[in-house]
Amino acid sequence: MNIIKVVKNIFRNLKFTLGNIPKKAITISYPEERKNLPDRLRIGTFGLTSNKETGEENCIACKLCERICPSNIIDIEIEKRDGRGFAKKFFLDLQSCIQCELCVQICPVDAIIMMKVPASPVTLRSDLYLTKTKMMNNAKKYEESWAKGSILQKSFKPAPKEVKENA
Amino acid sequence: MEQFILFATPIVKTISILILIVAYLVWLERKVAAKMQSRIGPYLVGKPHGWLQPLADALKLMLKDDSKPKNSDSLLFNFGPIWIMVVSLASFALLPFYFNNQMINTDLSLMLFIAISSLVIVGIFVAGWSSNNKFALISVLRMVAQIISYEIPLVISLLVPCILIGSLNFQEIINYQDGSWIVFYPIIGQISFILFFISALAEGNRVPFDLSEAESELVSGYTTEYSGIKFALFYLAEYVHLFGISVLASIIFFGGPNGPIFNSNILIVIKSLIFFTIILFVRWSFFRIRIDQLLKLNWNKLIPISFLVLLATCLIKFYLDVKL
Amino acid sequence: MERRVIEQDFGDLALNMGPQHPSTHGVFRLKLHLEGEKINKVESFLGYLHRGVEKLTEKLDYDMIPPVLERDDYLSPTSNSLGFINTVESMCGIEVPDRASYIRILVAEFQRISSHLVALGTYGLDLGGALGGGASLFLYCFREREKILDFMESLTGTRFHTNINQVGGIRYDLNDSTIKQANDLIRYLRPKLNEYFDVISQDEIFIKRTRNIGVISKKLASESGGSGPVARGSGIHFDLRKDSPYEKYSEMEFVTPVGEIGDAYDRTMVRMKETIQSLNICEQVLDRLPEGPISSRKPIKSAKLLKPPKGSHYKAIESPRGELGFFIVSDGTSIPYRMKIRAPSFSNLSIVEKLLPNTYIADAVVILGSLDPVFGDVDR
Chain A
1 MNIIKVVKNI
11 FRNLKFTLGN
21 IPKKAITISY
31 PEERKNLPDR
41 LRIGTFGLTS
51 NKETGEENCI
61 ACKLCERICP
71 SNIIDIEIEK
81 RDGRGFAKKF
91 FLDLQSCIQC
101 ELCVQICPVD
111 AIIMMKVPAS
121 PVTLRSDLYL
131 TKTKMMNNAK
141 KYEESWAKGS
151 ILQKSFKPAP
161 KEVKENA
Chain B
1 MEQFILFATP
11 IVKTISILIL
21 IVAYLVWLER
31 KVAAKMQSRI
41 GPYLVGKPHG
51 WLQPLADALK
61 LMLKDDSKPK
71 NSDSLLFNFG
81 PIWIMVVSLA
91 SFALLPFYFN
101 NQMINTDLSL
111 MLFIAISSLV
121 IVGIFVAGWS
131 SNNKFALISV
141 LRMVAQIISY
151 EIPLVISLLV
161 PCILIGSLNF
171 QEIINYQDGS
181 WIVFYPIIGQ
191 ISFILFFISA
201 LAEGNRVPFD
211 LSEAESELVS
221 GYTTEYSGIK
231 FALFYLAEYV
241 HLFGISVLAS
251 IIFFGGPNGP
261 IFNSNILIVI
271 KSLIFFTIIL
281 FVRWSFFRIR
291 IDQLLKLNWN
301 KLIPISFLVL
311 LATCLIKFYL
321 DVKL
Chain C
1 MERRVIEQDF
11 GDLALNMGPQ
21 HPSTHGVFRL
31 KLHLEGEKIN
41 KVESFLGYLH
51 RGVEKLTEKL
61 DYDMIPPVLE
71 RDDYLSPTSN
81 SLGFINTVES
91 MCGIEVPDRA
101 SYIRILVAEF
111 QRISSHLVAL
121 GTYGLDLGGA
131 LGGGASLFLY
141 CFREREKILD
151 FMESLTGTRF
161 HTNINQVGGI
171 RYDLNDSTIK
181 QANDLIRYLR
191 PKLNEYFDVI
201 SQDEIFIKRT
211 RNIGVISKKL
221 ASESGGSGPV
231 ARGSGIHFDL
241 RKDSPYEKYS
251 EMEFVTPVGE
261 IGDAYDRTMV
271 RMKETIQSLN
281 ICEQVLDRLP
291 EGPISSRKPI
301 KSAKLLKPPK
311 GSHYKAIESP
321 RGELGFFIVS
331 DGTSIPYRMK
341 IRAPSFSNLS
351 IVEKLLPNTY
361 IADAVVILGS
371 LDPVFGDVDR
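Protein chains in written order, with the working numbering: chain A, 1 to 167; chain B, 1 to 324; chain C, 1 to 380.
Okay, chain A solo, but in the shape it has when bound:
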């Protein structure tokens, strides 16, 4: 009774682990095979986009992304010419980014976006300090992620019921 139950348990346990031997391993050997990256990936670097037709930069230096970042990593200096604002200096410290995408969501002109690359390791600390030229090159070099400011804000509509909000 007891012995038979113990023996049955032992064999069931062995079958549970030995049944895994004929199956294929699930490791992906890294430099030869790569994983398929999903569309909405946001663990890579940032990029500053430019207008598709005129080639002019999109960022109007409204400083909304600087204010909403929880980790305070963005630093912008504004300069006004030609009737609109330009960013004289746009500095992003990638060491403290927590990948929350709040800056992408709040940008009114779709200027700052995240690129669809996996995060790559660097050897110098200064490789993680992104300047404006680096970010504009990123936007031309890598593929863009799905999330942009207008797409993320488009899903916001007031509900049919009445909302009480102190705005």
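Honestly, the hints are just simulated from the structure, not real lab data. Backbone N, C-alpha and C define an ideal beta-carbon position, used for all residues, glycine too. There could be a bad hint or two in this list.
Stated by the list, open to error - In silico PhoX-like links for lysine-lysine, alpha-carbon gap of 20 Å or less:
hint, chain 1, residue 1, chain 2, residue 2
1, C, Lys59, A, Lys63
2, A, Lys15, C, Lys192
3, C, Lys192, A, Lys23
4, A, Lys116, A, Lys63
5, A, Lys154, C, Lys301
6, A, Lys24, C, Lys192
7, B, Lys134, A, Lys8
8, A, Lys24, C, Lys147
9, A, Lys24, B, Lys31
10, C, Lys31, B, Lys134
11, B, Lys301, C, Lys208
12, B, Lys31, A, Lys15
13, C, Lys208, B, Lys296
14, C, Lys31, B, Lys296
What the hints assert, rightly or not - With beta-carbon atoms standing in for the labels, derived distance ranges:
hint, chain 1, residue 1, chain 2, residue 2, range
15, C, Ile261, B, Leu108, 53 to 59 Å
16, C, Asn40, B, Ala8, 54 to 60 Å
17, B, Glu172, C, Asn16, 55 to 61 Å
18, B, Gln171, A, Lys23, 44 to 50 Å
19, C, Leu49, A, Pro121, 22 to 28 Å
20, C, Ser201, B, Pro186, 57 to 63 Å
Once you have looked at the hints, place chains B and C on chain A.
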């Protein structure tokens, strides 16, 4: 001079083949464990299967820093690993391992083998005590209790085939099993094999009885303070000891060179490798049990069963002798 | 050579299961007084992972807090932000649309399954050793968890700290391919979880190691403020999803499993049965997903526009560890005056000082693993 060469040649042959086999047993264990867990084992060193991994490991361990804790006894600290390795290798002088003519052939080979291979506990105890470390002390205390307790079922389960055959000599045991193996003897063959299997797991400190190296409670057991080549000696000596027990199992219970179809010397090695692989499967499938449950298992369940089996064997042998 | 004597009068042996140890599930120091193998006295020291989250929130706006709070209980991140956002929404009186509430439930239940899989896997490591049977169980559990994290990645973009919840709704929506992936995931997970449940609940050595170990009586559990699987294992029927339902949980049908004795075996069984019930909830969500908007606020122009009225409020949700509550005091501006987190792991862990005396060292590890503390939650 010629006498010295005649004396030393079998020793050198056996030790070199043995070390090579044991180094690749470590590779086999890592590959089998990886297969059971949906991953690939050693892979990069010597693609595609990692053939050169034991060589890389040995080289790395030889180049590591050889440190010693400050307040430990340096003579005893160095003595432990050397003793374990010497004893484990010395027990292979009695086994008809590769040649089918062992180096020492006496009428008491089996008893001598058990006596020599149970000297391992002295080295382990010295290693743990002289490390000056509380974790090592607790682990060694547990291990001494475990190994001393499990000697009894081991010896009794090995006595059962010897009573049936009538001698302790390895050659006569092999010649007796020409027709059928001991493990196929009606009931006592199987029971004594199961007892031997459980005691061998406990003697070799394998799961489910390996709580003296329990990494989740005591950081590494008695090998906590060792690094470099001394750690490699501990590691290899465990595998040599275990391989010796599996060769013993294949000779006594499974017929040695008398295979199912043909007779040859290489079958000893093949059968002991199969026995070793079964021990590996058990290691990577079960949890470990606590020290007091382990000792209760021994004294309450295994020893009465082993005495009953011994009594039954003696009665059967007496009946057979009287009848004939 | 000088010699030091460690124990002067051969009394108790003092052993330190120190801050770095292979099995204390985090940074936690336990000083044990041993007599042979039995434990006589226990002293515990906390605070190695304190990061000052509550002080940090005194400088951030309400919309910027959820991504920071997700690092609190790092094994089920969305439950932290869900609790905070529920409190803010009940303070302001914001209603969440149906579709957003359903997707929040879906993500929360998947995170519950992933957190319980980690608990089971590391429990196997404690019982079986890093080289042994425990490692096999550990790798199987993490193999299933990878599929859940892949689903999170295709829905939001990161595997773990997803930041999908936001005051008023959610930020990322499901489309056809993610719905299909979710359905495939549920169909893949159900037989696997049932198989693990069968094998482990009847494994002889597992029963021997966990039966009648660390028995928490009903009185002790309710007096120390235990909640979650720790309290339910002792027989107390307390589940915040049924007693004070928060999102659309009142429309879902599920059963909360309850144990009998309150030993380590019962707690593990309660966790495993909960994962199967979570799969049922996810299936119901995907069957009845309504159409509609996913947020009920206007597009955010600035983080300073959300100003709850003056006063204080407390609301709690059911995280995988127990009752996770947030107490917010607001003074009318867009920055909270004071926020206090009621951490479930802290109250659960305080039981350890009463359970450990008169047990063996091997049992200490088993008991600590069955309480399932997460030290990001204990120390905040």
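Do the hints match the structure? See the list:
{"no.": "1", "hint": "Lys59(C) - Lys63(A)", "verdict": "holds (19 Å)"}
{"no.": "2", "hint": "Lys15(A) - Lys192(C)", "verdict": "holds (14 Å)"}
{"no.": "3", "hint": "Lys192(C) - Lys23(A)", "verdict": "holds (15 Å)"}
{"no.": "4", "hint": "Lys116(A) - Lys63(A)", "verdict": "violated (24 Å)"}
{"no.": "5", "hint": "Lys154(A) - Lys301(C)", "verdict": "holds (13 Å)"}
{"no.": "6", "hint": "Lys24(A) - Lys192(C)", "verdict": "holds (17 Å)"}
{"no.": "7", "hint": "Lys134(B) - Lys8(A)", "verdict": "violated (40 Å)"}
{"no.": "8", "hint": "Lys24(A) - Lys147(C)", "verdict": "holds (16 Å)"}
{"no.": "9", "hint": "Lys24(A) - Lys31(B)", "verdict": "holds (14 Å)"}
{"no.": "10", "hint": "Lys31(C) - Lys134(B)", "verdict": "holds (13 Å)"}
{"no.": "11", "hint": "Lys301(B) - Lys208(C)", "verdict": "holds (16 Å)"}
{"no.": "12", "hint": "Lys31(B) - Lys15(A)", "verdict": "holds (18 Å)"}
{"no.": "13", "hint": "Lys208(C) - Lys296(B)", "verdict": "holds (13 Å)"}
{"no.": "14", "hint": "Lys31(C) - Lys296(B)", "verdict": "violated (29 Å)"}
{"no.": "15", "hint": "Ile261(C) - Leu108(B): 53 to 59 Å", "verdict": "holds (55 Å)"}
{"no.": "16", "hint": "Asn40(C) - Ala8(B): 54 to 60 Å", "verdict": "holds (57 Å)"}
{"no.": "17", "hint": "Glu172(B) - Asn16(C): 55 to 61 Å", "verdict": "holds (56 Å)"}
{"no.": "18", "hint": "Gln171(B) - Lys23(A): 44 to 50 Å", "verdict": "holds (45 Å)"}
{"no.": "19", "hint": "Leu49(C) - Pro121(A): 22 to 28 Å", "verdict": "holds (25 Å)"}
{"no.": "20", "hint": "Ser201(C) - Pro186(B): 57 to 63 Å", "verdict": "violated (37 Å)"}
Of the numbered hints listed earlier, those contradicted by the structure are 4, 7, 14 and 20.
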